[in-house]
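Order-wise, the sequence lines are chains Y and G. Position 210 of the first sequence, counting from 1, maps to 395 under our numbering, and the rest follow consecutively. Position 334 of the second sequence, counting from 1, maps to 1818 under our numbering, and the rest follow consecutively.
Hints listed in this document are in silico derivations from the structure and should not be mistaken for laboratory results. Using N, Cα and C, we set each Cβ at its ideal position, and we do this for glycine too. Please note that the accuracy of each hint is not assured.
Unchecked claim - Derived list of chain Y stretches under chain G, where covered just means 3 residues or more per stretch with a C-beta under 8 Å from a C-beta of chain G: (1) 223–234; (2) 264–277.
As the list claims (entries may be wrong) - Only part of the chain G face toward chain Y is listed, based on derived beta-carbon distances under 8 Å: (3) 1608; (4) 1704; (5) 1705; (6) 1716; (7) 1748; (8) 1754; (9) 1755; (10) 1757; (11) 1759; (12) 1761; (13) 1922; (14) 1926; (15) 1929.
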Amino acid sequence: MEPNAGLPTRSGEMRSLSEFESGKVLASYGIPMVATTLATTRQEAVEAAGDTGYPVVLKGCGADLTHKSEVGAVKLNLTTSAEVTSGFKSIETAAAGALDGILVQPQIKGTRELVVGMIRDPQFGPCVMFGLGGIFTEILDDVCFRIAPLRERDALAMMDSIRGEAILGPVRGTAPADRSALSRTLVALGRIGLENDQIESIDINPLLLQENGAPIAVDAAIWITR
Amino acid sequence: MRHSPGLDAMLKPESIAVVGASRDKPGASWVDMFGQLVEFGYRGRLYPINPKADVIRGYTAYAGLPDLPEPVDLVIIGLSAPIVPWILRDCVATGNRNVHIFSAGFGETGEAQGKTLHEEITKIAVDGGLRVIGPNSMGIFSPRLRRVTWAGAPEEIGSVGILTQSGGFADAILGYGSRIGLSFSTIVNYGTGLTVDASDLVEYLSDDPETDTIGVYLEGVADGRRLLDVVARTTPDKPVVMVKPGASRAARRTAASHTGALAGDDRIWQGFFAQSGAIRVDSVQDMAHTIDALKRLPRPAGHRAAIIGTGGGSSVVAADACSRAGLDVPSLSAEARAELRKTIPVAGNIITNPVDAHDVMTDPAQMPPVLEALSSQEYLDMVVVYFHIDWMYDVAPDRIAALATFLAESGSASMNGKPLVATWRSYRSGPEYRKVIREMREILVDGGIPLFPDIASTARTLARLADYSIFAASAKAT
């Protein structure tokens, strides 16, 4: 795997990569990302939706578009080409000027939401985060950190050290989380931090756990400096 | 491994010069660093430096470092901050590479002048290849060399090594540790740690054959990743017990003005402890008791404790304290209860865990079969004997010393290689109680049975011991 895969080399202040760019970097390190197509026209979006299979999600994509849902640039659970077309139009209006294109993704049925990420600590350098995702990240602040590089056992220990560890078990008939896939993701996040000095932080929230326990990232933001 | 041979000279110097040694003042009660070295009986060659004196405490005084007859293993600087850069340049010029700066008033002040001075001395030290502990450092205690630069140090030589950013912590761990029977190989108060930091010192103690257990008080570190590597390499063989304050915003602010350290996000430090295998404690006392437990006790296989004491309510509270700290208090099997019943009479005794057994606590002859019955249970990893001083005193004052003596002399023989510790409670005032408590403590400490000040600290300490024991076993297995 190549360090810096897919990273634009642009200098300047800290800025975020678009979701599409972020996803390419993360996928190149083996992090399970939702299949994503960048569409620049309604026609492309409809074709992509057909290839992906309904229902789909549309998301406005642009480097400055970090609060997509708040501005109305996310349309969930679209089931027909007509819905895709009208969704596309309304995102174009909502995020006019900030768009590189619109992402088409399958609607993933996640049963649980986790958060994973990487931050650069002034004393320890790249550190990996793991915890409860979605709105629980803010409400419960149930996250833990390890210092990169992580060994597999460090990553596995992170899963035992959150208060809400039970979410990884067989909750309400779902399969238990695939801990080894999760640990590969955590180890990879540490590697990304160590191999790419210009990446300041990575935020994958939510990382969804599907019915079968497999994790998949449906949103991601990478912040870079220089 | 980046072992710096220079630290040998600094930690075990054969010669020391003290720049700014105080002139002899008859009748003065305050003793400076040079005076402490003389009074403690430092075994190496000592050179006081003071241009205004010919002789200090019987030693020939010199005007400056260039006048010394030899380069020394360690230069101690006790002059005010603005003069320190001059002395450091002298150190570079005269080939005196190892320096302890006692003086404060540098970067940790947060003021412009201090920061400028800090940058200046850092540049001199780095460019000149100096190894510097301090500024704002009380220095080093090495009882084997009879070297100390502060007051009140004990003479005992031991195998506990302490590294601390805080001088007060050095004095406190020395005081409290000695009180519970610990003795030390080295205590280094490195203060700001200009060019020698916690990682260098942990690495040194990790290789030091005279040190088997390491205690660290640390507010922050420049290169956290290196500290993690060094500590993680050390912990499988030598336990590292650490106080790392800064979980609260107020503590982080205070640390910044104390040692100039960036205390950092405590959640990341929690990661540091999980990854390094270092044992986190919160206070001087907890560090001392944890080290005591690590040094004296066999390694438990798990977290399952039995408690023998008296009093129904206090047994319930004790069980809670254990589970809060992460210990299990398993219920006893029918076989174990039957075994205990052979020794413990029915009246007034409750045979469960904790064992509420008045008779055993006041008749040491009953203790061996009881300890044997508990320690032979596969599902129990350790035993706590919980002295209720006031009640035992009422039964017969001499019972307290009798039980302590039994535990000290032969308690371990009935333990099947599992840890045996003691704790106590007493709520009454009066010299008679203080006297029996003191006796009990002396007997147990001399006999090598760890005595903890209360049930909560007992539980915390045993949980840490079990954590470490499991960590060390798995670190060695992989």
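Problem set entry | Supplied contact hint for residue 1926 (chain G), tested at 8 Å Cβ to chain Y | violated, 41 Å
| Going by Cβ atoms only, is residue 1705 (chain G) closer than 8 Å to chain Y? | Constraint on residue 1705 (chain G) satisfied, holds at 6 Å.
Per the CB criterion, is residue 1704 (chain G) less than 8 Å away from chain Y?
Hint on residue 1704 (chain G): holds, closest Cβ of chain Y at ~7 Å, below 8 Å.
Less than 8 Å between beta-carbons is the criterion; does residue 1716 (chain G) satisfy it with respect to chain Y? violated, 10 Å
### Message
Interface hint check: residue 1922 (chain G), Cβ to nearest Cβ on chain Y, cutoff 8 Å. Holds or violated?
### Response
violated, 42 Å
> Can we keep the residue 1757 (chain G) interface hint, with Cβ of chain Y closer than 8 Å?
Replying inline: violated, 11 Å
Q: Confirm or reject the coverage of the region 264–277 of chain Y by chain G under the rule of 3 or more residues with a beta carbon closer than 8 Å to the chain's beta carbons.
A: violated (count 0)
Does residue 1929 (chain G) hold up as a contact with chain Y if the rule is Cβ-Cβ below 8 Å?
violated, 36 Å
Cβ contact check, 8 Å cutoff: the region 223–234 of chain Y against chain G, three residues minimum: As far as the region 223–234 of chain Y goes, the hint is violated, because 0 residues have Cβ atoms under 8 Å from chain G.
message = Holds or violated: the hint that residue 1755 (chain G) contacts chain Y, with Cβ atoms closer than 8 Å.
response = For residue 1755 (chain G), the interface hint holds, since the closest Cβ of chain Y sits about 4 Å away, which is under 8 Å.
Against chain Y, with CB atoms and a cut of 8 Å, does the hint on residue 1608 (chain G) hold up?
violated, 25 Å
Would you settle whether the hint for residue 1748 (chain G) is holds or violated, based on the nearest Cβ-Cβ distance to chain Y being less than 8 Å? holds, 5 Å
When the structure is compared with the earlier hints, violations turn up for hints 1, 2, 3, 6, 10, 12, 13, 14, 15 and for no others.
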